[in-house]
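With the hints as extra help, turn the sequences into a complete structure.
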Amino acid sequence: MRSFLLRRVLLALATLWLASSLVFLFLLFLPGDPVQAILGLEASPAARQALERALGLDKPPWERYADWLTRTLRLDLGESIRYGKPVGELLEERLPLTLGLVLLGLGGALFLALPLALLALRFPFWDLALTGLMALLQSVPTFFLGVVLLYALAVHLPLFPASGFPGFSNPWEALRHLFLPALTLALSRAAILFRMARGSLLEVMGQDYIRTARAKGVPETWVLFKHALKPASLPLVTVLGLEGGFLLTGAVVVEVVFALPGMGSLALTALEARDYPLLQGLVLVMAALIVLFNLLVDLLYGLLDPRVAYA
Amino acid sequence: MRSPSLFIGSLLVGLFLLMALASYLYPVDPNAPDFLHRLAPPSPSHPLGTDPLGRDLLARLLHGARNALVVGGIAVSVGFALGVVSGLLAGYLGRYWDGILSLLMEALYALPGLLLALLFAALMGPGMVSSMLAVGLSMVPAFFRVARAGAMSLKTTPFVEAALALGAGPGRVVFRHLLPNLLGPLLVQASLAFAAALLAEAALSYLGLGVQPPNPSLGRMLREAQGFLPLSPYPALVPGVALSLTVLGFNLLGDGLRDRLDPRR
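Sequence order for the protein chains is A and B. The numbering used here applies: residue 1 is where the first sequence begins, and numbers increase by one. The numbering used here applies: residue 1001 is where the second sequence begins, and numbers increase by one.
These are computed hints drawn from the structure, not numbers from a lab. Ideal Cβ placement from N, Cα and C applies to all residues, glycine included. It is possible that part of the hints are untrue.
In silico lysine to any residue, SDA-like type, Cα no more than 25 Å apart, as pairs [stated by the list, open to error]: (1) A:K230 <-> A:R307; (2) A:K59 <-> B:M1124; (3) B:K1155 <-> B:G1073; (4) A:K85 <-> B:L1123; (5) A:K216 <-> A:I192; (6) A:K230 <-> A:A259; (7) A:K59 <-> B:I1100; (8) B:K1155 <-> B:G1167.
Covered stretches of chain A, as calculated for chain B (at least 3 residues, CB under 8 Å) [what the hints assert, rightly or not]: (9) 138-148; (10) 249-255; (11) 275-287.
Now the structure itself:
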C-alpha cells in the first residue's frame, strides 16, 4: 500500500508540473500580445517597455520559465493587476464557496444516482422511465437547467434566494443560498453517474454468485444491496475520477447563473480586466484541484480494491 | 425496431443539420431589431417569437445552430486529429513513447476546455477561434484513450504481423492497418465528443467566452434572455430546448452506433 501511495503521489506531482508548464507554454506561443491587450494599440513605447519589465516579459523565455517555476513552487502566484493584492489572498477568499459548491454537487449527485440506479434495477417499469429521464438530463446544458430551476424555485415559487451569497458566518443562510446552485450541479452530474451505476450493477447481476444467492432464496432487494452493490461500486469510482474537471467547470458556470462570488466569477473579472497573473494563478489552482481530486479517487480505489494497491 | 436510440439520434442530428442549412434559406436577418415587437410570443411574422431586443428568434436559432455546427465540427476535428495520431503512436510504439504521451494526456486532462478557453480568450480575445481551439484541445485525451487502447489490442493480431512480415514500416501499419480497423469505436467517440463540444461551446458563449455578440449563438441567446424570463419564456426556452435535443441526438447516435458496431453485443 505504501509504495502504491508513493507512486500515485509522484505521478500526481508530475502531472501537475506538466499541466502548469503547458499553461506557461500556451501563454508563450499562442498569438496575442499581453502588453498590447492591457495597454491598447496606442500605448507609447516607453509605457510598453515599462509594463514589459514589470511583467518580466523582457527576459528570454527559459529565464521567465525558471523564475515562474521557482515562484510557483514557493506558492507565490504573483500579484493581481486589477485588485492590487496577492493572487493567493484573492483565491483564499473565493475558494471556500467554489469548493463547497463542488462538494455539495458531488454529494448530491451520488445521493441521487445510487438509490435511483438500485430502484431502476429492482423495478423494470422504473428502469425504462429513469433511463430515459437520465439520458435527457445528460443532454441538458448545466446553465439551462440552472436558469429553469432559478425561475421555477426562486422567481415563480420564491422558496429559495435567486442569487448572491451572504458568507459562511450564518450556516443556515449559506446553505439556503447554495441549495439551488448545488442542486443544479448535482442533477447535471447525476445523469452520468446513474448510467454508470446502472451499467455496472447490470453487469454484476449477471454473475454466477448472484444466481447462487437467488437460488438459495435470498430476497431480490437483499441480493441487490448485500451482494451486488459493493462489487458494482468499483467501476463507479473509476468514473468518479473523471468527474473532477466536469464538477469544477460546472461549478464555474453555475456560479455565473446564480451570481455567486466564487472562483468562476473571479476568473471572468480577471479576463475582462486582462489580469494575466490572476488568470494564470486561477487556472493553475483549478488544475491543481482537478489533479488532487483525481489522486484522492485513485487512493480510494486502492483502498476499496486491495488488488490495485498490490499490482 | 432494432435500435431505437440509433433511429431517434439520427433523426435529431438530422434536424440539427437541417436547422443549420436552413439558416441560408430563411430570409430574416438574425440581428435586425424590431423594437415594436420585443419579447413577442410566436406569431406568423415571427414564428418562434422575438427576443428582448425584438430580434427574430427563429432566425437567431438557425444561425446559432450553424455557428454551433462550425465550432463543434472544428473542435472535434482538432481533438480527433491530435488524439488519434498520438494515441495510435503511443499504443503501437509502446515503451517510453507511451509513457511520455500518456503523462502528457494526463496533464492535458487537468486542463478542461473552460480553463483553456479562459487562457486563450485572454491571449487572442474571446471568440469563435479561441473557443474552438480550447474545446478541441480538451477533447484530445478522450480520443487518445480510445485510439491507444485499440492500437494496443490490434498490434499483436495476425493481420498486423502479416503486414510487418511483408516489410511495412510503422507509419504504414498505423495508418493503413490500425486506423481503418479502429474507425468504428472512433466514430462512436466522435459522436459523443460532438455532444460534449456543443455543450462546451454553449457554456463558453453563455459565459461570454465564445461567439461574440451580435453574432447569434445558442448559449449567448440564453444568457441574454435570462433576465426577461418572468416577462416571456420563449427567448430562453427556444435555444435551451434546441440545444438539449441536439445534444441528446448526438448522445443517442453515439450510443446506438456503439451497440451496432460493438462485436461483443
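Do the hints match the structure? See the list:
1. A:K230 <-> A:R307: Judged against 25 Å, a Cα distance of about 15 Å means the pair holds.
2. A:K59 <-> B:M1124: holds, 22 Å
3. B:K1155 <-> B:G1073: violated, 30 Å
4. A:K85 <-> B:L1123: holds, 22 Å
5. A:K216 <-> A:I192: violated, 34 Å
6. A:K230 <-> A:A259: violated, 39 Å
7. A:K59 <-> B:I1100: Violated - the C-alpha atoms of I1100 (chain B) and K59 (chain A) are around 29 Å apart, more than 25 Å.
8. B:K1155 <-> B:G1167: The hint holds at about 15 Å.
9. 138-148: Answer holds; 9 residues pass the 8 Å Cβ test.
10. 249-255: Three-residue rule met by the region 249-255 of chain A, so holds; n is 3.
11. 275-287: holds (count 7)
Going through the hint list in order, the structure does not satisfy hints 3, 5, 6, 7.
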